[in-house]
Amino acid sequence: MHPLQRVFRAQRLSAPLTSMCWVLLRTFRAHNSTSCPDPEGKSSEGVQKDFSSRLATGPTFQHFLRSASVPQEKPSSPEVEDPPPYLSGDELLGRQRKVYLETYGCQMNVNDTEIAWSILQKSGYLRTSNLQEADVILLVTCSIREKAEQTIWNRLHQLKVLKAKRPRSRVPLRIGILGCMAERLKGEILNREKMVDLLAGPDAYRDLPRLLAVVESGQQAANVLLSLDETYADIMPVQTSPSATSAFVSIMRGCDNMCSYCIVPFTRGRERSRPVASILDEVRKLSEQGLKEVTLLGQNVNSFRDNSEVQFSSTGSANLSRGFTTNYKPKQGGLRFSHLLDQVSRIDPEMRIRFTSPHPKDFPDEVLQLIRERHNICKQIHLPAQSGSSRVLEAMRRGYSREAYVALVHHIREAIPGVGLSSDFITGFCGETEDDHLQTVSLLREVQYNTGFLFAYSMRQKTRAYHRLKDDVPEEVKLRRLEELITVFREEASKVNATSVGCTQLVLVEGFSKRSTTDLCGRNDANLKVIFPDAEVEDITDPGLKVRAQPGDYVLVKVYIPMAGLKLPM
Numbered sequence: 001m002h003p004l005q006r007v008f009r010a011q012r013l014s015a016p017l018t019s020m021c022w023v024l025l026r027t028f029r030a031h032n033s034t035s036c037p038d039p040e041g042k043s044s045e046g047v048q049k050d051f052s053s054r055l056a057t058g059p060t061f062q063h064f065l066r067s068a069s070v071p072q073e074k075p076s077s078p079e080v081e082d083p084p085p086y087l088s089g090d091e092l093l094g095r096q097r098k099v100y101l102e103t104y105g106c107q108m109n110v111n112d113t114e115i116a117w118s119i120l121q122k123s124g125y126l127r128t129s130n131l132q133e134a135d136v137i138l139l140v141t142c143s144i145r146e147k148a149e150q151t152i153w154n155r156l157h158q159l160k161v162l163k164a165k166r167p168r169s170r171v172p173l174r175i176g177i178l179g180c181m182a183e184r185l186k187g188e189i190l191n192r193e194k195m196v197d198l199l200a201g202p203d204a205y206r207d208l209p210r211l212l213a214v215v216e217s218g219q220q221a222a223n224v225l226l227s228l229d230e231t232y233a234d235i236m237p238v239q240t241s242p243s244a245t246s247a248f249v250s251i252m253r254g255c256d257n258m259c260s261y262c263i264v265p266f267t268r269g270r271e272r273s274r275p276v277a278s279i280l281d282e283v284r285k286l287s288e289q290g291l292k293e294v295t296l297l298g299q300n301v302n303s304f305r306d307n308s309e310v311q312f313s314s315t316g317s318a319n320l321s322r323g324f325t326t327n328y329k330p331k332q333g334g335l336r337f338s339h340l341l342d343q344v345s346r347i348d349p350e351m352r353i354r355f356t357s358p359h360p361k362d363f364p365d366e367v368l369q370l371i372r373e374r375h376n377i378c379k380q381i382h383l384p385a386q387s388g389s390s391r392v393l394e395a396m397r398r399g400y401s402r403e404a405y406v407a408l409v410h411h412i413r414e415a416i417p418g419v420g421l422s423s424d425f426i427t428g429f430c431g432e433t434e435d436d437h438l439q440t441v442s443l444l445r446e447v448q449y450n451t452g453f454l455f456a457y458s459m460r461q462k463t464r465a466y467h468r469l470k471d472d473v474p475e476e477v478k479l480r481r482l483e484e485l486i487t488v489f490r491e492e493a494s495k496v497n498a499t500s501v502g503c504t505q506l507v508l509v510e511g512f513s514k515r516s517t518t519d520l521c522g523r524n525d526a527n528l529k530v531i532f533p534d535a536e537v538e539d540i541t542d543p544g545l546k547v548r549a550q551p552g553d554y555v556l557v558k559v560y561i562p563m564a565g566l567k568l569p570m
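For what it's worth, my numbering labels the leading residue of the sequence shown as 1, then goes sequentially.
Hints may contain errors.
Said to hold, decoys possible - DMTMM-like cross-link-like pairs, simulated, lysine to aspartate or glutamate; straight-line CA separation at most 20 Å:
#, residue 1, residue 2
1, Lys462, Asp256
2, Lys470, Asp435
3, Lys470, Asp365
4, Lys331, Glu309
5, Lys98, Glu216
6, Lys546, Asp519
7, Lys379, Asp365
8, Lys379, Glu403
9, Lys558, Asp539
10, Lys122, Glu230
11, Lys331, Asp365
As the list claims (entries may be wrong) - The following label-pair restraints were derived from C-beta to C-beta distances:
#, residue 1, residue 2, range
12, Glu188, Leu479, 26 to 32 Å
13, His467, Leu225, 21 to 27 Å
14, Glu350, Arg372, 17 to 23 Å
15, His410, Tyr328, 26 to 32 Å
16, Asp539, Tyr328, 52 to 58 Å
17, Leu479, Ser401, 26 to 32 Å
18, Ser217, Glu188, 41 to 47 Å
19, Ala407, Gln132, 53 to 59 Å
Simulated from the structure, these hints should not be mistaken for laboratory data. Since the model is a prediction, treat every value here as computed from it, not as a measurement. Glycine is no exception: its CB is placed at the ideal position from the N, C-alpha and C atoms.
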């Protein structure tokens, strides 16, 4: 029996004039769905002394014994690291200034936002959702395409007006750029937009309190250094939405694949993975908070390799998907993704597990077997193809041919019956001919994905394509080909999703539908959005009691009308 279904019993309800029909509902929350507050911290009086006096007095041996024997409690006052010589401890404090955070781009940026906020919160900053009352505005940015960057430039022009109108009676408004765009453009942002006060790259979020302190002195501040080991493993991200039913858990950062079109290795650095123990601890805490779904995140999530434990450092190299190669030498040792996935899925059998974004080369049989066997690992795989032409794939340095990719698709569907597939496609890459484009069209028809992420190629500086290839496909041709891919995708996705009609699916409720206040929405195992009526149903544990589904509940829904999942360019 599926562990998520063990409390359910079939019960049919009518729902006329709706796209979905409820079959059953059971509220299914964890007994401790809200976090318990930590014990009140000890007084910090006398702790924050002048740096020189602390050096003079120095800790004693008894101090270390005492620190080791007493569990660390959550402090009641902001935490302050030892300041640099040119700043005092007080200057690193937020002093209850209000921070407004805006996130652009991928799921990693959502997680980065939560990490940055966790760091600022500990330094005494407050969070606001009201732009007008903010003292600090931080934009977490994306550089994957030119259009994503242009969105940020446009937003900065809007914020420039807000900064100019700031009343002199209030503290000056500070504006910062975080993430990939800060890393990629660095000086251009500071020189072009004088109203930008600080830059922090993806590996510099720990430095935000210092950067903001420097900014308060009237200077611009920047830290865009990339790290070979920063994973923020010791920082618990703060959920930005208190009513969220799911969370992102970053398990690794950076990428070593060096695909010729991709800017990620240059904005987020080389691959490095978090220790397994820190990931498991974070997932346990999320489970205790009552969250029902976690998504393991990484630029190349299934190439995870934890080398922090010495006893596993001498194990063999990773097993690649059949017919796939890498652009780097095989990496030896470490705990692999299959081990992590196994351990995460055991923490809470009632918590759904997803992961993104993987590379097709890193799907050995042991990973597929785990997905098939564990009921709480979602039967949905993101399998970025990028192109259906072997010639273009070679120019992209993807490490596989069309034939190897199609063989992997067949292998996955044989190993995991009913699996949902999604993919990424880039149209108009350097040198792409009409025949190459038609091969991508035929791949869409052959595989029939449930969900697709389709984009026109945007050349990025620093990439191999920028230095060695020519962006020779006219923009109007790119857009025409993109429209053709979108049309074909929708046709094929509608066919495959139509097979769900009449089936009963387990759906995790996320909240009200954006299109109607009388409908709820959630996601099924294949990560497809499901819309269903907000109707009262009988609680199986208390016959006669009528209840309504809440975010975090599981419901069984009978599908009547299929929909295609499609993400269009930013």
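Hint-by-hint comparison with the structure:
1. Between the alpha carbons of Lys462 and Asp256 the distance comes to roughly 15 Å, so the proposed pair stays at or under 20 Å and holds.
2. A C-alpha spacing of about 18 Å is found between Lys470 and Asp435, which places the hinted pair at or below 20 Å, so the restraint holds.
3. For the hint linking Lys470 to Asp365, the alpha-carbon distance of about 38 Å lies beyond 20 Å, and the restraint is violated.
4. Restraint check for Lys331 and Glu309: satisfied, since their Cα atoms lie roughly 15 Å apart, inside the 20 Å limit.
5. For the proposed pair Lys98 and Glu216, the alpha carbon gap of about 14 Å is at most 20 Å, so the pair holds.
6. At roughly 17 Å between alpha-carbon atoms, Lys546 and Asp519 fall within 20 Å of each other, so this suggested pair holds.
7. Restraint check for Lys379 and Asp365: the C-alpha separation of about 15 Å stays at or below 20 Å, so the hint holds.
8. This hinted pair does not check out: Lys379 and Glu403 have alpha carbons roughly 23 Å apart, beyond 20 Å.
9. Taken as a hint, the Lys558 and Asp539 pair is honoured in the structure, with Cα atoms around 18 Å apart against an allowance of 20 Å.
10. Between Lys122 and Glu230, the direct Cα distance comes to roughly 19 Å. Compliance with the 20 Å bound is thereby established for this hinted pair.
11. The hinted pair formed by Lys331 and Asp365 meets the criterion: a straight-line CA distance of about 18 Å does not exceed 20 Å.
12. The supplied range of 26 to 32 Å is met by Glu188 and Leu479, whose beta-carbon atoms lie about 27 Å from each other.
13. For the pair His467 and Leu225, the supplied restraint of 21 to 27 Å holds, since their beta-carbon distance comes to about 23 Å.
14. The hint said 17 to 23 Å for the Cβ distance between Glu350 and Arg372, and at roughly 19 Å that hint holds.
15. For the hinted restraint 26 to 32 Å between His410 and Tyr328, the CB-CB distance of approximately 27 Å keeps it satisfied.
16. Taking the beta carbon of each, Asp539 and Tyr328 are about 54 Å apart, inside 52 to 58 Å as hinted.
17. A hinted range of 26 to 32 Å for the beta carbons of Leu479 and Ser401 is consistent with their spacing of about 27 Å.
18. For the pair Ser217 and Glu188, the supplied restraint of 41 to 47 Å is violated, since their beta-carbon distance comes to about 23 Å.
19. In this structure, Ala407 and Gln132 meet the distance hint of 53 to 59 Å, their C-beta atoms being roughly 56 Å apart.
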